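The listed protein sequences correspond, in order, to chains A and B. In terms of the working numbering, the first sequence has 184 at position 183, counting the first letter as 1, and numbering is strictly consecutive. In terms of the working numbering, the second sequence has 344 at position 311, counting the first letter as 1, and numbering is strictly consecutive.
By construction, these hints were calculated from the structure, which means they are not laboratory data. Keep in mind that this is a model prediction, so the values were computed, not measured. Even for Gly, the Cβ is constructed at its ideal location relative to N, Cα and C. Accuracy of the hints is not assured; some may be wrong.
Claimed, not checked - No farther apart than 20 Å at their CA atoms in a straight line, the calculated lysine to any residue pairs in the SDA-like style are these: (1) A:K158 x B:P123; (2) A:K158 x B:D209; (3) A:K24 x B:P123; (4) B:K189 x A:K24.
To be verified - Partial list, computed: chain B residues near chain A (C-beta under 10 Å): (5) N68; (6) R128; (7) I131; (8) L134; (9) D141; (10) I143; (11) D235; (12) G236; (13) A238; (14) D239; (15) A370; (16) Q372.
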Amino acid sequence: MQFARPLADLIAQLERLPGVGPKSAQRLAFHILRTPEDDVRRLAEALRHARESLRLCTECQNVSETATCPICADPTRHRREICVVGEPRDIASIERLNEFKGVYHVLHGLLNPLDGVGPDQIKVRELLVRLEGQVDEVILATNPTIEGDTTALYLAKLIKPVGVKVTRLAHGMPVGGELDYADNATLLSALEYRREM
Amino acid sequence: MEGVRVGEIRYHDFRNLAVVELNAGPGVNLIVGPNAQGKTNLLEGLHLLSTGRLLRGSREAQAVRHDQPRAAVEAALQPHGTTVRVNIEPGVRKRALINGLGLPRAADLIGRLPSVSFSSQDLAVVSGEPADRRHLLDTELSQVYPAYLNHFSVYKRALEQRNALLRRAQESHVEDEAFEVWEEQLAHHGAAMRVQRQEWVDGLADLATERHAALGDGEVLSVSYRAADQGELSQSLASNRGHDIHRGSTSVGPHRDDLDIQVAGAEARHFGSQGQQRTAVVAIKLAVLALAERAFGFPPMLLLDDIFSDLDDRRRSHLMDVAFEAGGQVFVTCTEAEQAGAKLLGSAKIFRVKCGRLEEK
């Protein structure tokens, strides 16, 4: 059946979002139609405001409201330690720990030729520029997937000749987990990278 | 080590099996029925619980009974009563559970219920393409060594990535470093795969020659691993890069290797008669069984699907004798119970299948 034009437009726009198929797009569109007008206005405003007011931090490439993000602007953070992550949401995970006192660098992706992503499509050059300053250690915290590991390998190759220490997050057994339910890949890597006691 | 076997098996909307319960015996289980009634499906369910995968070439959507949303196969493993279950739902990731708790990946089931399958598909091990022989290596090694499965899956993914990069390089410049990191992954995991394959084939070769001699054609079977390239894989990858860009795919590495199978000094694939090829397949599969038994410390579950139509009396009865003497749990499908021979019939638990229903005799 044919939807009224504005509804069809809305569905078409929603369908373009990642993870939203035609069915979900319709469901969301009808939900929006039933929502009070004020709420819809707030949603629209939030979308517009987020898109217009946010940019990438000139230092770490994290999404920020200001030219320099709050972490990079914080004088108590150690600027000689840079933790490299794939996506902005990865920063939130590490920040939750309240342990890491250094600064970050967001790549906005991982090397993935199948998806057309090479070094030029992610924020590699921006990281190398930062290394021209005083940096003691780069911690590679990309995901422990083949793409994450290969990206880390690539960055290590570029950074080591500069003379900066490069480390990679360890992988191993989940704390509090049981051996019987661990996946083989994790168990194998925990065995390979076991430590002396 | 005490052998693991299945007790009660439940199928739920798995292919043509709506609700089927099979109470398996500890020894030989004979599944009898006309063609296309669901015999292979019963065996595929066991293969699924053993490996976390359907049979080669099967699609998940087809594994669910017509018009049903999902399928499940569940079994109680003896001696400890552990339940293993696999849920299949098209569009959703296949899920494996142990005692009701989900495993991270279905492949993590591997090793809990070891099995060796034998069906007419296996004839391709001798007569088919190199890919058919690599498939044998990859599935058997993955079952015994989870580390192999790990190297294999990373290798496969890295290979796809390098191939994508090769195609990209046909159109625009790709810097050497971008290739190098994927090639390092391929070299690391590929070399590990080759070491494990070589070792496994060395063990297999002697056993296969022995088993072949026992089948008594008076000819000698030899099996060896044949690598597509020599020397350091990382160097071969780098030096073939230009050539590979031109052809758009990777020309060196374990994904190009093969098994060399010879009977009486000639390559069995090209020069063997049908009889020679079948004897070679039976000998190789019996060697696979012996290797698996050695690795696990007990005879793995043996799944023999409709082998009676492909093998003559002599090869069949030899296979059945060895299977029976191994003392493990065996599932055999056939169209007529008499095909199994008197020796087996005397001790087997017999099930009859008709239109996806089961009847225990």
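Checked hints:
no.	hint	verdict
1	A:K158 x B:P123	42 Å, violated
2	A:K158 x B:D209	12 Å, holds
3	A:K24 x B:P123	16 Å, holds
4	B:K189 x A:K24	34 Å, violated
5	N68	38 Å, violated
6	R128	13 Å, violated
7	I131	7 Å, holds
8	L134	6 Å, holds
9	D141	5 Å, holds
10	I143	7 Å, holds
11	D235	23 Å, violated
12	G236	22 Å, violated
13	A238	27 Å, violated
14	D239	29 Å, violated
15	A370	40 Å, violated
16	Q372	39 Å, violated
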